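Start from the sequences, fold in the hints, and give me the full structure.
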Amino acid sequence: SNMYATNLFSDMMIQLKDEKIPGHQLVFAARNIQAENGVLDWENIAQDIGRAIVKYIYTDQIDLSSPEEVQLQIMRTGHRLNLTALVEKCESSLILVTSVKNCVSFYMTAEEVAAASLKHHASSLISTYWDELTSEDFKEMGAPLLYSMLKEKTAGSILHSAVHLHREDVVFLYLVENSAQLQSLVNSADSNGDLALDIALRDKQIGIAETLIKHKADVNAKDGRGWSLLLKATGRGDLTAAKFLLDHDTSISTTTPDTMDTALHLIAMGNHQGLIPVAKVLLERGLSPDLQNRAGATPLHLSLSSHNEEMFDLLLSRPVDLSVTDVKGHPPLYYACLKLTDEASSVRSFAARLLDKGTNSNPVYDNGSTLLHQLVAEGREYPAIFLCPHASNLDHQDQRGFTALHLAAQNGMLNLVTQLIKCGANINVQTSLALSSGDQEERYKLTPLHCAILGSNPDQVVDIMLQEKGT
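Residue numbers (UniProt numbering): 1 to 471.
To be clear, the hints were calculated from the coordinates, so they are not data collected in a lab. Heads up, a few of these hints could be off.
[Claimed, not checked] The list that follows gives simulated cross-link-like pairs (lysine-lysine, PhoX-like), each with its CA atoms no further than 20 angstroms apart:
#1 K243 with K204
#2 K101 with K55
#3 K328 with K357
#4 K243 with K214
#5 K222 with K139
#6 K422 with K445
#7 K101 with K153
#8 K119 with K151
#9 K153 with K139
#10 K222 with K243
#11 K55 with K17
These numbers were taken from a predicted model, which means no experiment stands behind them.
Encoded structure:
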């Protein structure tokens with residue numbers, strides 16, 4: 001060790017990038033390293049790495065407190081120079097500092113220098129933290145090595161993992177190796193129920209998606225939940241994926257297995273404004289805007305309940321049935337009315353636009369009530385006020401013989417009572433049945449005035465009705 005970097009008995013020179021170190025051929029020969037014409041050319045080795053290895057050759061000592069990347073470079077260089085003991089020292093040191101942040105790079109170096117213990121340790125950590133690792137962690141790993149690792153760690157979903165890691169080169173290796181079973185393998189779901197093509201589209205890996213389609217990936221395949229790729233794309237608001245699938249002639253008529261929603265339903269309820277171009281294509285290709293899901297809702301219903309104005313406008317610009325009712329019996333106008341809170345909200349409102357398109361302003365439900373009855377029963381006074389001037393059947397009686405005015409008077413809705421009478425509601429219409437099964441006979445044939453007296457705000461409502469009756 002006393003001979004390190006001294007000119008005493010020096011018979012060779014180690015040429016590093018920025019300096020020359022005197023050396024001794026006998027010392028280097030003991031490590032099976034030969035100098036040519038008295039010169040050992042190590043200019044291709046980083047300055048600090050070269051100096052550290054020269055010192056190790058003389059002293060058997062290496063500074064293992066240096067940064068991880070320096071230790072990795074020393075280990076690689078030591079392997080190249082056949083300095084097995086040096087590689088083992090570095091290996092033991094690196095095992096102690098292996099973590100989720102560096103396990104992939106350590107694995108790659110361990111494979112390169114045949115450091116079995118470090119490779120095994122890093123591999124264990126990769127397995128433990130597999131779900132936390134990303135494509136960025138593996139971007140420097142060679143395709144053959146990564147493919148080999150995926151075979152070991154993700155036996156049932158090698159393809160899906162390669163796609164998830166954005167490695168088209170590894171995907172290609174898999175496709176070549178499994179060419180005889182492509183159709184079944186490429187269209188199979190992984191343990192999460194995901195399809196390789198969907199993973200590629202979700203991660204915007206269009207090149208990989210094209211490769212998969214060229215190798216028999218089915219654009220109409222369904223995932224583990226029974227969702228088609230188009231439904232998944234529209235459900236998550238993925239314009240790129242949806243356009244890709246439509247460009248590859250995917251079926252537009254598929255529905256979700258549980259709720260029977262079409263892609264138009266999902267766009268309407270998702271309020272993903274960027275998907276309006278997709279909705280236009282679906283309509284142009286013939287997907288009916290009047291299809292109902294399991295709850296009986298059409299895309300128009302859902303655009304209203306989700307306040308999706310762009311989708312609402314698009315649907316209203318096409319031939320669409322405005323009278324379809326959902327399983328609760330509600331037409332689209334009902335959901336439009338729910339958005340009304342005051343006079344300002346009614347200007348160019350959903351409800352106003354539906355009325356402009358000719359929708360029935362006061363449709364009758366199967367139970368005999370009208371939309372006005374429904375709104376009053378739910379305590380929605382302003383929406384009912386808004387509808388009054390448009391309704392031609394204000395005096396329609398429900399199964400008990402009640403008109404909207406009866407209910408408004410009974411519930412003490414002063415403004416609505418005023419509006420109904422102003423719009424021509426008959427204040428003399430009588431009910432045909434009692435208020436309830438326990439009512440006495442004298443409660444039959446009630447007028448709205450009777451209901452006002454029996455209601456929650458009798459004095460004021462009665463005053464309004466008497467004033468109106470006297471005018």
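(request) Compare the distance between the alpha carbons of K328 and K357 with 20 angstroms, and conclude whether the hinted pair is satisfied. (result) Violated, because 23 angstroms separates the two Cα atoms, which is more than 20 angstroms.
(request) Sort out whether K151 lies within 20 angstroms of K119, counting only the CA atoms. (result) Holds. K119 to K151 sits at ~16 angstroms (cutoff 20 angstroms).
(request) Given the hint that K101 pairs with K153, test it: the Cα-Cα distance must not exceed 20 angstroms. (result) Cα-Cα ~18 angstroms, so holds.
(message) Hinted pair, alpha-carbon criterion (20 angstroms max): K222, K243. Please report holds or violated.
(response) holds, 18 angstroms
(request) Please work out if K243 and K204 have their alpha carbons no farther apart than 20 angstroms. (result) holds, 12 angstroms
(request) Below or equal to 20 angstroms on CA atoms is what counts here, so check K153 against K139. (result) Judged against 20 angstroms, a Cα distance of about 17 angstroms means the pair holds.
(message) K422 and K445 were given as a pair; does the straight-line alpha-carbon distance stay at or below 20 angstroms?
(response) violated, 23 angstroms
(request) For the pair supplied as a hint, K101 and K55, confirm whether the alpha-carbon distance does not exceed 20 angstroms. (result) violated, 30 angstroms
(message) Check the hint pairing K55 with K17 against an upper bound of 20 angstroms on the C-alpha distance.
(response) Cα-Cα ~16 angstroms, so holds.
(message) K243 and K214 were given as a pair; does the straight-line alpha-carbon distance stay at or below 20 angstroms?
(response) Holds - the C-alpha atoms of K214 and K243 are around 18 angstroms apart, at most 20 angstroms.
(request) Would you check the hint for K222 and K139, treating anything up to 20 angstroms between C-alpha atoms as holding? (result) With a Cα-Cα distance of about 30 angstroms, the restraint between K222 and K139 is violated, given a limit of 20 angstroms.
Consistency note: the structure conflicts with the earlier hints numbered 2, 3, 5 and 6.
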